[in-house]
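As given, the protein sequences belong to chains U, B and S, one line each in that order.
If you read the first sequence in our numbering, its first letter stands for residue 3, the second for the next number, and so on.
If you read the second sequence in our numbering, its first letter stands for residue 24, the second for the next number, and so on.
If you read the third sequence in our numbering, its first letter stands for residue 2, the second for the next number, and so on.
Hint data in this document are derived by calculation from the structure and do not stem from the laboratory.
Check each hint, because a few of them may be wrong.
Simulated crosslink set (BS3-like; lysine-lysine; CA at most 27 Å straight-line) [claimed, not checked]:
#	chain 1	residue 1	chain 2	residue 2
1	U	Lys93	B	Lys304
2	B	Lys128	U	Lys271
3	S	Lys344	S	Lys328
4	S	Lys106	S	Lys117
5	B	Lys298	U	Lys93
6	B	Lys229	B	Lys128
7	B	Lys77	U	Lys127
8	U	Lys127	U	Lys225
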Amino acid sequence: MASRRSIIPGFNITMGLTLSYLAAMVLLPLAALFVKTTTSTWQEFLQTVTSARVVASYRLSFLAAFAAASINAVFGFLVAWVLVRYNFPGKRIIDGLVDLPFALPTAVAGISLTAVYAPSGLFGKPLAALGIKSAFSPLGVVIALTFISLPFVVRTVQPILQNLEIENEEAAASLGAGRMQTFLRVLLPTVLPAVLTGFALSFARALGEYGSVVFISGNMPMKTEITPLLIMTKLEQFDYPGAAAVAVVMLAASFLILLATNLLQWWGKRRGIWV
Amino acid sequence: MSTIEDISSRGPRLSKAATEPALVRWALTALAVAFLAVFLIVPLAAVFIEAFDKGVSVYIAAITDPMALAAIRLTLLTAVIAVPVNTVFGVLAAWAITKFDFRGKSVLLALIDLPFSVSPVISGLIFILLFGASGFFGPFLAAHDIKIIFAVPGIVIATLFVTFPFVARELIPLMDAQGSDDEQAALALGAGGFQTFIRVTLPNIKWGLLYGVILCNARAMGEFGAVSVVSGHIRGLTNTVPLHVEILYNEYNFAAAFAVASLLTFLALVTLVAKAIVERKARAAMRAAASRRTSGGPHEH
Amino acid sequence: MSIEVRNITKRFGDFAALRDINLQFSTGELVALLGPSGCGKTTLLRIIAGLEFPETGDVLFDGKSAAERTVRQRRVGFVFQHYALFRHMSVFENVAFGLRVRPRKFRPSNAEIRDKVNTLLKLIQMEHLARHYPAQLSGGQRQRVALARALAVEPSVLLLDEPFGALDAKVRLELRRWLRRLHDELHVTSVFVTHDQEEALEVADRVVLMNAGRVEQVGTPEEVYDNPATPFVYTFLGHVNIFRGRVHRGHAQVGAVEIDAPEYTDADNAPAVGYVRPHDVEVFREAGDPLAIPARVVRVQMLGPLVRLELATLSGGDPLEAQLTRKGFQELNARPGETVYVKMANMRVFI
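The shape of chain U in the complex, shown without the other chains:
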């Protein structure tokens, strides 16, 4: 890491402090997690991370996060589109509210969504009448995860839509394309990398979420138990190696998603779509 000769002062001190704090605060603790897993044997590790209850939790976490990210990919794109392209009363308030899930503590989101979707709640009651159990079921997990990961797609797609050149759509129309053809052939390919990036960010966030889900899921092992909750349970039973093992698997998954997100960004840039 060599600084190029620069007349701006402070490289050594700012870089030194940054790296020290980063190492102490982030890298060392994360390293501790990996070191902890080495205290158990490979067999024990595999046994822990592939036990039926753990696998069931992966399944739920993965599928629910995937469902939530998919819902947000579609509706987030729609919300971004409406916010950028159309005018309607209350638009600015709606635009500001999109960030609510980032600002609202997850525990509050959890109890509030539970109140709304419980069998006696505003949405829970009609859903129950239709025979659909929302809170205390996998559906409840999806609802909570949709809430907490809602802003990502909106906020990644919005600036891309804003920067689109209207002339591109006019050009398509002047060449004889219908509005739907223009959407599918001109708009969607341009916005797709942003939608996918937002999807990946939503998915990563939903995968690790804990606070909002514990209230709404009911936390039944094998049925509505997400992986972070399982780690929590193992911790409460002082099964630290077990907790660390499952955490390592989760972390690896998160890093893979992060890598995929970076590749997506790179792809978008390479296509010359994001300048």
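With chain U held as given, fit chains B and S onto it using these hints.
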């Protein structure tokens, strides 16, 4: 290069060739608003409705309960430590990253963002593994009678971890866009490094910095998962406001849980308003930086 | 295909972009809409294309109203100022776009599309760049791709918005000559918008001069340059000397010059302005011509084949500009500070 300019000048001015029939526009808008109503507005309103479900007196009793007040004090204390520390770090990191060229910059950027991609539960777990009774530093801490896990220091440390990237991540793109021309001019005029930072850099980045601080604070006060792992839930001692909400809720004391939750919700709304204001200013600063960088260059679109 | 623009009016809020525009474009013509920025020329072009709609008036293609036809249905080729190429498509796919989006019944086969696109790429001399993306092209290449894309749908009318505006000077010069040759080959009725008078005069068959939402003059490049119909046209096309004075019963007194102004026989001591092009200012060494007035040479500038003289008339007022050929200047042999005699060979007076 002119991308940011276009946002402000264009707005939703669209020619007929590039928009949909009124009916389609109306239907899409209604669908988007309905989605946000179901997922955002109803849950938001539910907090306040449930909080006042049993009347104002229950509400006031819940938020003036000594345990609630202790939780509020602890949450404020946590934020008062975590926000300034991570703000200083954010500024240092942004300076090092944007004012100099060095190898491995993108790796460093990825590492700074790392806490965002770690599950809150894991964020707590790693500190149990370090400082817990059977953790790496456990015996040392026990020998010196220092308590971190299931005590206030653990809560602060876990909060520091989860709020680590916020300020840096807001400042880096802003300072990157602004470049170092102003600083070089100040230094050439004889200003010292620190003077240059206070008089030249800080005024340029103040809105972006404030924006990062607001987001950092919201997360510091609202963090649940990581803090829950390290706190031990000792009432009046290691209970933050979000944890207090959980305890009340699990005791089926719903009205009180929502009353305390309404405080956090109010904080979230204030955060959103502050964010909206500051974001506009920060965007203007970004725009100014972008246009300054491009003006004077050849005018090729 | 001929185009007729009839009584077009367009407002943006309080701003009147176009006021009662009436124009005719004949089949196969290449016409320039020329004017300063904000004069309404681009709005007019977009209305012809169907990208904007006027408050009043109509656009007729071959005598048929296009009011009810959208841009899709008008079959016009439109070339955007910043090209508006599809960034995620190769050059080939950009050009093929208009063919691929046709309703299935009218859509050519893939082989036909390939042939057609390749022919067009050959026409714009870019066959070798078919697989490239717009980001990898130079400005001039992008412009040619945009043109080929518009031509692929065999438009009956070609509309170009500031086609050379975003290019640097040298490429601009090459490309406009190329466009002229291309037009002579294809004979598609073409209208292009420009703010560059040199471009309009060089490329177009006819020039429409616009200002503040109105048409000031329509004519061939020679007509508009030699016989400007309004003071605006005089000042907008090329350099001009301006003299302030008065007109009284068909006789003008502007600056130190007196001339007849037969078109203003009714004028009663009205304020007037006289316009003279620098090359219409004749300069003599000796007094002699009764209409010549004395002036002092302030500055001499060599501009390639021409010589520009800055002169001060003895009666004061704005400095006067004269343009001579090098040969004419050698014969004159005047130096700064010396006195010469000038005569306005061709002055137009407007009240």
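Comparing the hints with the structure gives:
Between Lys93(U) and Lys304(B) the alpha-carbon distance is near 19 Å, which keeps this suggested pair within the 27 Å criterion. Proposed proximity of Lys128(B) and Lys271(U) is supported: the alpha carbons are some 18 Å apart, at most 27 Å. Between Lys344(S) and Lys328(S), the direct Cα distance comes to roughly 19 Å. Compliance with the 27 Å bound is thereby established for this hinted pair. For the given pair, Lys106(S) sits about 18 Å from Lys117(S) by alpha-carbon distance, which is consistent with the 27 Å threshold.
Distance restraint check for Lys298(B) and Lys93(U): the Cα-Cα separation of roughly 16 Å lies within the 27 Å cut-off, and the hinted pair is therefore satisfied. Distance restraint check for Lys229(B) and Lys128(B): the Cα-Cα separation of roughly 24 Å lies within the 27 Å cut-off, and the hinted pair is therefore satisfied. Between Lys77(B) and Lys127(U) the CA atoms are separated by roughly 21 Å; this keeps the pair inside 27 Å, and the hint holds. For the given pair, Lys127(U) sits about 22 Å from Lys225(U) by alpha-carbon distance, which is consistent with the 27 Å threshold.
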